[in-house]
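A.B. asks: Below are the chains, spelled out letter by letter.
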Amino acid sequence: MPLIEVTDLHHSFPDGWDALDGVNFAVEAGEYVALIGPNGSGKTTLAKHLNGLLKPTSGRVLVAGMDTAHGSVAALARRVGYVFQNPDHQIFCTTVEEEISFAPRAQGLPPEIVGNRAQEEMRAFGLVEVAARPPAILSPGLRRKVAIASVLAAQPDLLVLDEPSVGLDAHEQEDVLARVSDYRHDGRSVVLITHDMALVTRWATRCLLLSEGRILADGTPGAVLGDSSALARAGMRPPALARLAQALAPLGMPTDAVQVEAFGRAYLELVEGRS
Amino acid sequence: MNFGDLYLPGDSWLHRADPRLKMGLALAAATLLLSYNNLFIMALSLTAVVAVLRGAGVPWARLRAIARLMVPVVIVIPLLWPIFYQSGPTILVVWKLRLTAWALAQGVTAALRIVALGYVSIAVLLTTDIRALLRGLVQVGLPFEAALTVTIALSYIPRIQRTYEQVTEAQMARGFDVNAGNLVVRARARVPILVASLVSTFRSADTMARALECRGFGRTDVARTSYFRIHWRPSDTAVAVGAGLFFLIALSARVVLGFGSHPLLLL
Numbered sequence: 084m085p086l087i088e089v090t091d092l093h094h095s096f097p098d099g100w101d102a103l104d105g106v107n108f109a110v111e112a113g114e115y116v117a118l119i120g121p122n123g124s125g126k127t128t129l130a131k132h133l134n135g136l137l138k139p140t141s142g143r144v145l146v147a148g149m150d151t152a153h154g155s156v157a158a159l160a161r162r163v164g165y166v167f168q169n170p171d172h173q174i175f176c177t178t179v180e181e182e183i184s185f186a187p188r189a190q191g192l193p194p195e196i197v198g199n200r201a202q203e204e205m206r207a208f209g210l211v212e213v214a215a216r217p218p219a220i221l222s223p224g225l226r227r228k229v230a231i232a233s234v235l236a237a238q239p240d241l242l243v244l245d246e247p248s249v250g251l252d253a254h255e256q257e258d259v260l261a262r263v264s265d266y267r268h269d270g271r272s273v274v275l276i277t278h279d280m281a282l283v284t285r286w287a288t289r290c291l292l293l294s295e296g297r298i299l300a301d302g303t304p305g306a307v308l309g310d311s312s313a314l315a316r317a318g319m320r321p322p323a324l325a326r327l328a329q330a331l332a333p334l335g336m337p338t339d340a341v342q343v344e345a346f347g348r349a350y351l352e353l354v355e356g357r358s
Numbered sequence: 010m011n012f013g014d015l016y017l018p019g020d021s022w023l024h025r026a027d028p029r030l031k032m033g034l035a036l037a038a039a040t041l042l043l044s045y046n047n048l049f050i051m052a053l054s055l056t057a058v059v060a061v062l063r064g065a066g067v068p069w070a071r072l073r074a075i076a077r078l079m080v081p082v083v084i085v086i087p088l089l090w091p092i093f094y095q096s097g098p099t100i101l102v103v104w105k106l107r108l109t110a111w112a113l114a115q116g117v118t119a120a121l122r123i124v125a126l127g128y129v130s131i132a133v134l135l136t137t138d139i140r141a142l143l144r145g146l147v148q149v150g151l152p153f154e155a156a157l158t159v160t161i162a163l164s165y166i167p168r169i170q171r172t173y174e175q176v177t178e179a180q181m182a183r184g185f186d187v188n189a190g191n192l193v194v195r196a197r198a199r200v201p202i203l204v205a206s207l208v209s210t211f212r213s214a215d216t217m218a219r220a221l222e223c224r225g226f227g228r229t230d231v232a233r234t235s236y237f238r239i240h241w242r243p244s245d246t247a248v249a250v251g252a253g254l255f256f257l258i259a260l261s262a263r264v265v266l267g268f269g270s271h272p273l274l275l276l
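Those protein sequence lines, which keep their order, are chains A and B.
Count the first sequence with my numbering and you get residues 84 to 358, in order.
Count the second sequence with my numbering and you get residues 10 to 276, in order.
If you're looking for bench data, these hints aren't it; they were derived computationally from the structure.
One or more of the hints may lead you astray.
What the hints assert, rightly or not - A short, non-exhaustive set of chain A residues, derived as facing chain B with CB atoms under 10 angstroms: (1) Lys131; (2) Leu159; (3) Leu331.
What the hints assert, rightly or not - Here are the computed lysine to any residue pairs in the SDA-like style, where the Cα-Cα straight-line distance is at most 25 angstroms: (4) A:Lys138 <-> B:Arg71; (5) A:Lys138 <-> A:Phe96; (6) A:Lys138 <-> B:Arg219; (7) A:Lys138 <-> B:Ala70; (8) A:Lys138 <-> B:Ile84; (9) A:Lys138 <-> B:Gly190; (10) A:Lys138 <-> A:Asp104; (11) B:Lys105 <-> B:Arg73; (12) A:Lys138 <-> A:Gln238; (13) A:Lys138 <-> B:Ser270; (14) A:Lys138 <-> A:Val213; (15) A:Lys138 <-> B:Pro167; (16) A:Lys138 <-> B:Arg195; (17) A:Lys138 <-> B:Asp138; (18) A:Lys138 <-> B:Gln170; (19) A:Lys138 <-> B:Trp69; (20) A:Lys138 <-> B:Arg199; (21) A:Lys138 <-> B:Tyr173; (22) A:Lys138 <-> B:Ala198; (23) A:Lys138 <-> B:Arg73; (24) A:Lys138 <-> A:Ala207; (25) A:Lys138 <-> B:Ala189; (26) A:Lys138 <-> B:Ala74; (27) A:Lys138 <-> A:Glu114; (28) A:Lys138 <-> B:Lys105; (29) A:Lys138 <-> B:Thr177; (30) A:Lys138 <-> B:Asp186.
Built from N, CA and C at the ideal position, the CB exists for glycine as well.
All chains, please: the whole structure from these sequences, using the hints.
C.D. replies: Structural data, given as structure tokens:
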């Protein structure tokens with residue numbers, strides 16, 4: 084059974100805007116799915132259906148078999164962790180350690196396990212030195228790490244990240260997303276909402292392209308980002324490497340080689356083949 | 010409930026009217042609403058205010074959302090009124106409390122007055138672009154800094170509301186059930202939401218203060234110019250004269266003739 088199953092999902096807001104218009108997809112355990120699309124394409128609206136913050140106007144969303152239309156957000160929060168765009172909306176405790184301990188403690192776990200999880204996440208995110216400091220006064224990058232760590236400490240089956248790289252430098256991005264990727268290897272899944280195509284090619288195993296509330300493309304990041312007609316319909320340009328691969332396509336370059344390493348390998352094969 | 014932005018763009022006569030006229034009309038309407046005590050006149054006044062707002066293109070959903078904010082006060086006032094007002098024919102006696110027809114009418118009148126005052130106060134904001142409001146306040150004599158402070162504060166109302174909603178969603182996503190349990194439990198569940206909302210609001214207020222400073226706000230060594238201007242049109246004069254006459258007649262009728270002072274009788 085897939086972890087997430089979305090069937091013919093429609094969502095209309097009270098002002099009449101149809102944000103989602105018949106979305107179908109499923110997420111299996113262990114997948115790292117990137118949701119991409121222009122602003123207003125329905126990415127965040129779709130993600131908010133995964134933890135019941137929004138209820139379908141019609142259609143169905145199942146999380147581990149549970150219909151989100153009938154489950155409370157609090158009940159779904161045990162299954163689905165959601166990291167919001169703005170970390171300030173999540174943070175409220177007086178110390179970093181308390182903040183990260185909050186969710187496992189709220190789940191009623193024994194103090195020993197709560198402490199272990201907090202320590203584990205603080206170590207993973209480099210927050211041990213600021214454990215006793217109020218998270219609200221930390222730098223934007225550290226506040227984002229605290230927000231992600233505090234959700235990971237609850238160990239949900241699905242982690243939804245909405246633009247997690249904002250405010251992080253290249254090093255911090257690598258650290259944070261590597262931790263998220265490790266988390267997925269424990270049989271859990273990740274949904275990443277982003278405008279940063281480099282993150283998609285670097286980390287995602289699958290990519291969904293949304294436009295005007297519909298899925299225009301669903302496949303590997305290489306296949307989706309190499310599909311210039313689908314991207315054009317969404318009003319997007321392929322990333323630089325995808326455009327380069329397309330330019331070299333007449334010479335035999337595969338157009339889905341949009342990741343640096345894959346592109347390098349394909350290019351070397353192409354050059355060796357021609358020489 | 011979602012206010013979105015307070016201002017609703019449109020092209021009604023109320024939208025086109027000069028902001029100074031709208032502020033004057035709101036002040037006059039509020040004065041009349043506060044001076045009359047009659048249930049029928051108050052019901053008529055509320056109907057008129059709603060009609061004006063509907064005519065200006067304000068949707069029912071927005072009017073309902075504003076009314077919903079006033080529900081607790083609107084419920085409590087008619088309930089409390091019989092304690093302080095005992096005149097008139099008795100309708101019901103419960104323990105030592107006597108409910109009279111006049112007290113009931115007075116309570117309902119007060120509730121209707123609050124809703125009407127709420128609509129009148131917000132009518133200016135619903136139909137006036139923030140730049141026009143700022144110019145209007147400056148034109149009526151408010152110093153620019155004070156006028157800007159007022160308009161920024163007003164623009165922060167929907168922003169704070171949006172922040173509160175987003176924080177509520179974020180905390181619910183962490184497992185908070187904000188609607189579970191008794192009143193005390195629910196109030197306690199709101200604490201993290203309030204803390205995070207306040208921190209977020211203070212942070213954006215600080216950012217805005219710095220942005221204003223960076224744009225030269227508060228400089229006294231140069232004369233301030235304004236790109237955006239408001240214009241008083243002949244139609245504004247016509248409305249001002251008509252409304253002024255109505256205001257004088259209505260106020261005189263109330264003060265001199267005592268018209269509309271009784272909760273149920275007109276004279």
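A.B. asks: Please go over all the hints and tell whether each is borne out by the structure.
C.D. replies: Right, here's what the structure says about each hint:
With its C-beta approaching chain B no nearer than about 7 angstroms, Lys131 (chain A) sits inside the 10 angstroms limit, and its interface hint holds. Proximity of Leu159 (chain A) to chain B holds as hinted, the smallest CB-CB distance being about 9 angstroms (cut-off 10 angstroms). The closest approach between the C-beta of Leu331 (chain A) and any C-beta of chain B is roughly 44 angstroms, which is over the 10 angstroms cut-off, so the hint fails. Our distance criterion of 25 angstroms between C-alpha atoms is met by Lys138 (chain A) and Arg71 (chain B), whose separation comes to about 22 angstroms.
Between Lys138 (chain A) and Phe96 (chain A) the alpha-carbon distance is near 11 angstroms, which keeps this suggested pair within the 25 angstroms criterion. A threshold of 25 angstroms between alpha carbons decides the hint, and for Lys138 (chain A) with Arg219 (chain B) the separation of about 39 angstroms lies outside it, so the pair is violated. Proposed proximity of Lys138 (chain A) and Ala70 (chain B) is supported: the alpha carbons are some 20 angstroms apart, at most 25 angstroms. The hinted pair formed by Lys138 (chain A) and Ile84 (chain B) fails the criterion: a straight-line CA distance of about 31 angstroms is larger than 25 angstroms.
With a C-alpha separation of about 22 angstroms, the suggested pair Lys138 (chain A) and Gly190 (chain B) falls inside the 25 angstroms cut-off, and the hint holds. Restraint check: the Cα-Cα separation between Lys138 (chain A) and Asp104 (chain A) comes to about 14 angstroms, which is no more than 25 angstroms; the hinted pair holds. Simply put, Lys105 (chain B) and Arg73 (chain B) have alpha-carbon atoms about 36 angstroms apart, too far for the 25 angstroms limit, and the pair is violated. Distance restraint check for Lys138 (chain A) and Gln238 (chain A): the Cα-Cα separation of roughly 24 angstroms lies within the 25 angstroms cut-off, and the hinted pair is therefore satisfied.
Our distance criterion of 25 angstroms between C-alpha atoms is broken by Lys138 (chain A) and Ser270 (chain B), whose separation comes to about 51 angstroms. For the proposed pair Lys138 (chain A) and Val213 (chain A), the alpha carbon gap of about 38 angstroms is over 25 angstroms, so the pair is violated. Between Lys138 (chain A) and Pro167 (chain B), the direct Cα distance comes to roughly 24 angstroms. Compliance with the 25 angstroms bound is thereby established for this hinted pair. Note on Lys138 (chain A) and Arg195 (chain B): the hinted pairing holds, with a Cα-Cα distance of about 22 angstroms set against a maximum of 25 angstroms.
With a C-alpha separation of about 34 angstroms, the suggested pairing of Lys138 (chain A) with Asp138 (chain B) is violated against the 25 angstroms cut-off. Of the supplied pair hints, the one linking Lys138 (chain A) and Gln170 (chain B) holds, its CA atoms being roughly 21 angstroms apart against a limit of 25 angstroms. With a C-alpha separation of about 24 angstroms, the suggested pair Lys138 (chain A) and Trp69 (chain B) falls inside the 25 angstroms cut-off, and the hint holds. Taking the CA atoms of Lys138 (chain A) and Arg199 (chain B), the gap is near 22 angstroms; set against the 25 angstroms cutoff, the hint holds.
Only pairs whose Cα atoms come within 25 angstroms are accepted, and Lys138 (chain A) paired with Tyr173 (chain B) is accepted, the gap being roughly 20 angstroms. About 22 angstroms separates the Cα atoms of Lys138 (chain A) and Ala198 (chain B), which keeps this hinted pair within 25 angstroms; it holds. Taking the CA atoms of Lys138 (chain A) and Arg73 (chain B), the gap is about 23 angstroms. The hint holds against a cut of 25 angstroms. A hinted pair counts as satisfied when its Cα atoms are at most 25 angstroms apart, and Lys138 (chain A) with Ala207 (chain A) does not qualify at roughly 34 angstroms.
With a C-alpha separation of about 19 angstroms, the suggested pair Lys138 (chain A) and Ala189 (chain B) falls inside the 25 angstroms cut-off, and the hint holds. Taking the CA atoms of Lys138 (chain A) and Ala74 (chain B), the gap is near 21 angstroms; set against the 25 angstroms cutoff, the hint holds. This hinted pair checks out: Lys138 (chain A) and Glu114 (chain A) have alpha carbons roughly 24 angstroms apart, not beyond 25 angstroms. Taking the CA atoms of Lys138 (chain A) and Lys105 (chain B), the gap is near 50 angstroms; set against the 25 angstroms cutoff, the hint is violated.
With a CA separation close to 16 angstroms, the supplied pair Lys138 (chain A) and Thr177 (chain B) stays within the 25 angstroms bound. Straight-line distance between C-alpha atoms of Lys138 (chain A) and Asp186 (chain B) comes to about 16 angstroms, which keeps the hinted pair within the 25 angstroms bound.
In this structure, the earlier hints numbered 3, 6, 8, 11, 13, 14, 17, 24 and 28 are contradicted, and the remaining ones agree with it.
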